[in-house]
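Colleague: Residue numbers (the working numbering), protein chains in the order written: chain A, 5 to 117; chain B, 486 to 598.
Treat each hint with caution, since some may be false.
Stated by the list, open to error - Simulated pairs of lysine-lysine, DSS-like, Cα-Cα distance not exceeding 25 Å:
{"#": "1", "chain 1": "A", "residue 1": "K28", "chain 2": "B", "residue 2": "K541"}
{"#": "2", "chain 1": "A", "residue 1": "K105", "chain 2": "A", "residue 2": "K28"}
{"#": "3", "chain 1": "A", "residue 1": "K105", "chain 2": "A", "residue 2": "K72"}
{"#": "4", "chain 1": "A", "residue 1": "K82", "chain 2": "B", "residue 2": "K490"}
{"#": "5", "chain 1": "A", "residue 1": "K28", "chain 2": "B", "residue 2": "K522"}
{"#": "6", "chain 1": "A", "residue 1": "K82", "chain 2": "A", "residue 2": "K28"}
{"#": "7", "chain 1": "B", "residue 1": "K553", "chain 2": "B", "residue 2": "K490"}
{"#": "8", "chain 1": "A", "residue 1": "K82", "chain 2": "B", "residue 2": "K539"}
{"#": "9", "chain 1": "B", "residue 1": "K541", "chain 2": "B", "residue 2": "K553"}
{"#": "10", "chain 1": "B", "residue 1": "K522", "chain 2": "B", "residue 2": "K539"}
{"#": "11", "chain 1": "B", "residue 1": "K522", "chain 2": "B", "residue 2": "K553"}
{"#": "12", "chain 1": "A", "residue 1": "K28", "chain 2": "B", "residue 2": "K539"}
{"#": "13", "chain 1": "A", "residue 1": "K105", "chain 2": "B", "residue 2": "K541"}
{"#": "14", "chain 1": "B", "residue 1": "K556", "chain 2": "A", "residue 2": "K82"}
{"#": "15", "chain 1": "B", "residue 1": "K522", "chain 2": "B", "residue 2": "K541"}
{"#": "16", "chain 1": "B", "residue 1": "K490", "chain 2": "B", "residue 2": "K539"}
{"#": "17", "chain 1": "A", "residue 1": "K28", "chain 2": "A", "residue 2": "K72"}
Claimed, not checked - So these bits of chain A aren't anywhere near chain B, every CB distance computed over 10 Å:
{"#": "18", "residue": "V16"}
{"#": "19", "residue": "G20"}
{"#": "20", "residue": "Q21"}
{"#": "21", "residue": "E22"}
{"#": "22", "residue": "S31"}
{"#": "23", "residue": "Y39"}
{"#": "24", "residue": "G46"}
{"#": "25", "residue": "L47"}
{"#": "26", "residue": "E48"}
{"#": "27", "residue": "L49"}
{"#": "28", "residue": "S91"}
{"#": "29", "residue": "A92"}
{"#": "30", "residue": "K105"}
{"#": "31", "residue": "S110"}
{"#": "32", "residue": "G111"}
Keep in mind that the hints were calculated from the coordinates and are not lab data.
Just so you know, even glycine gets a beta-carbon here, dropped at the ideal spot from N, CA and C.
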Amino acid sequence: DAGVIQSPRHEVTEMGQEVTLRCKPISGHNSLFWYRQTMMRGLELLIYFNNNVPIDDSGMPEDRFSAKMPNASFSTLKIQPSEPRDSAVYFCASSLGSGEKLFFGSGTQLSVL
Amino acid sequence: DQQVKQNSPSLSVQEGRISILNCDYTNSMFDYFLWYKKYPAEGPTFLISISSIKDKNEDGRFTVFLNKSAKHLSLHIVPSQPGDSAVYFCAASHQTGANNLFFGTGTRLTVIP
């Protein structure tokens, strides 16, 4: 029974390049979340989808960040252009619905040089 | 502005002893609290939760205590085992659900054999 699947596991890129992180939520889950983990701020919610519709993107730091969920089994988080301060671990999580327990993927370690 | 704070970045405990991890929050509207556990190279996994109508919730070796007047909660692990070594995140939400889940910065627990 596969959990939340994220790719790539690691991404190293140069400043100014476009970065795309991918997520496949658990089948049947209708809520999907993108989090960013940093030492200073812990886990921050970037954006939240319910039934493929973005509900709350107030955590997206800048216009350089965008997220899509074209269908129930796939989501992307894009950073364009990337900057060194974007370096962090990005987690995708899914749940059965609002208020339900979150299941996290293994994360993408992003390094922007 | 961190609404959930874990002021101890790390904690070391001898195997068999009690581990106490602390968490403070600032928002009096929070009414549901959770602890997540994270191993290296994995995503956080749900450990235990407590609603604000309770002051204690127990699940095996894990007990969470909530002091609403002090806006403080703690996670007790007894007896501690080497496999408990991980980063523990405290999280809080309003009743509206997981889309409002606020995480702390985490405490790294090391259980020494």
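Colleague: Now, for every hint given, state plainly whether the structure supports it.
Modeller: Hint by hint, here is what the structure shows:
no., hint, in the structure
1, A:K28 <-> B:K541, "violated (35 Å)"
2, A:K105 <-> A:K28, "holds (17 Å)"
3, A:K105 <-> A:K72, "holds (22 Å)"
4, A:K82 <-> B:K490, "violated (29 Å)"
5, A:K28 <-> B:K522, "holds (22 Å)"
6, A:K82 <-> A:K28, "holds (15 Å)"
7, B:K553 <-> B:K490, "holds (15 Å)"
8, A:K82 <-> B:K539, "violated (41 Å)"
9, B:K541 <-> B:K553, "holds (11 Å)"
10, B:K522 <-> B:K539, "holds (22 Å)"
11, B:K522 <-> B:K553, "holds (23 Å)"
12, A:K28 <-> B:K539, "violated (35 Å)"
13, A:K105 <-> B:K541, "holds (19 Å)"
14, B:K556 <-> A:K82, "violated (37 Å)"
15, B:K522 <-> B:K541, "holds (19 Å)"
16, B:K490 <-> B:K539, "holds (21 Å)"
17, A:K28 <-> A:K72, "holds (12 Å)"
18, V16, "holds (16 Å)"
19, G20, "holds (28 Å)"
20, Q21, "holds (24 Å)"
21, E22, "holds (24 Å)"
22, S31, "holds (17 Å)"
23, Y39, "violated (8 Å)"
24, G46, "violated (4 Å)"
25, L47, "violated (4 Å)"
26, E48, "violated (7 Å)"
27, L49, "violated (7 Å)"
28, S91, "holds (17 Å)"
29, A92, "holds (13 Å)"
30, K105, "violated (5 Å)"
31, S110, "violated (5 Å)"
32, G111, "violated (6 Å)"
In the structure shown, a violation is registered for the earlier hints numbered 1, 4, 8, 12, 14, 23, 24, 25, 26, 27, 30, 31, 32, in ascending order.
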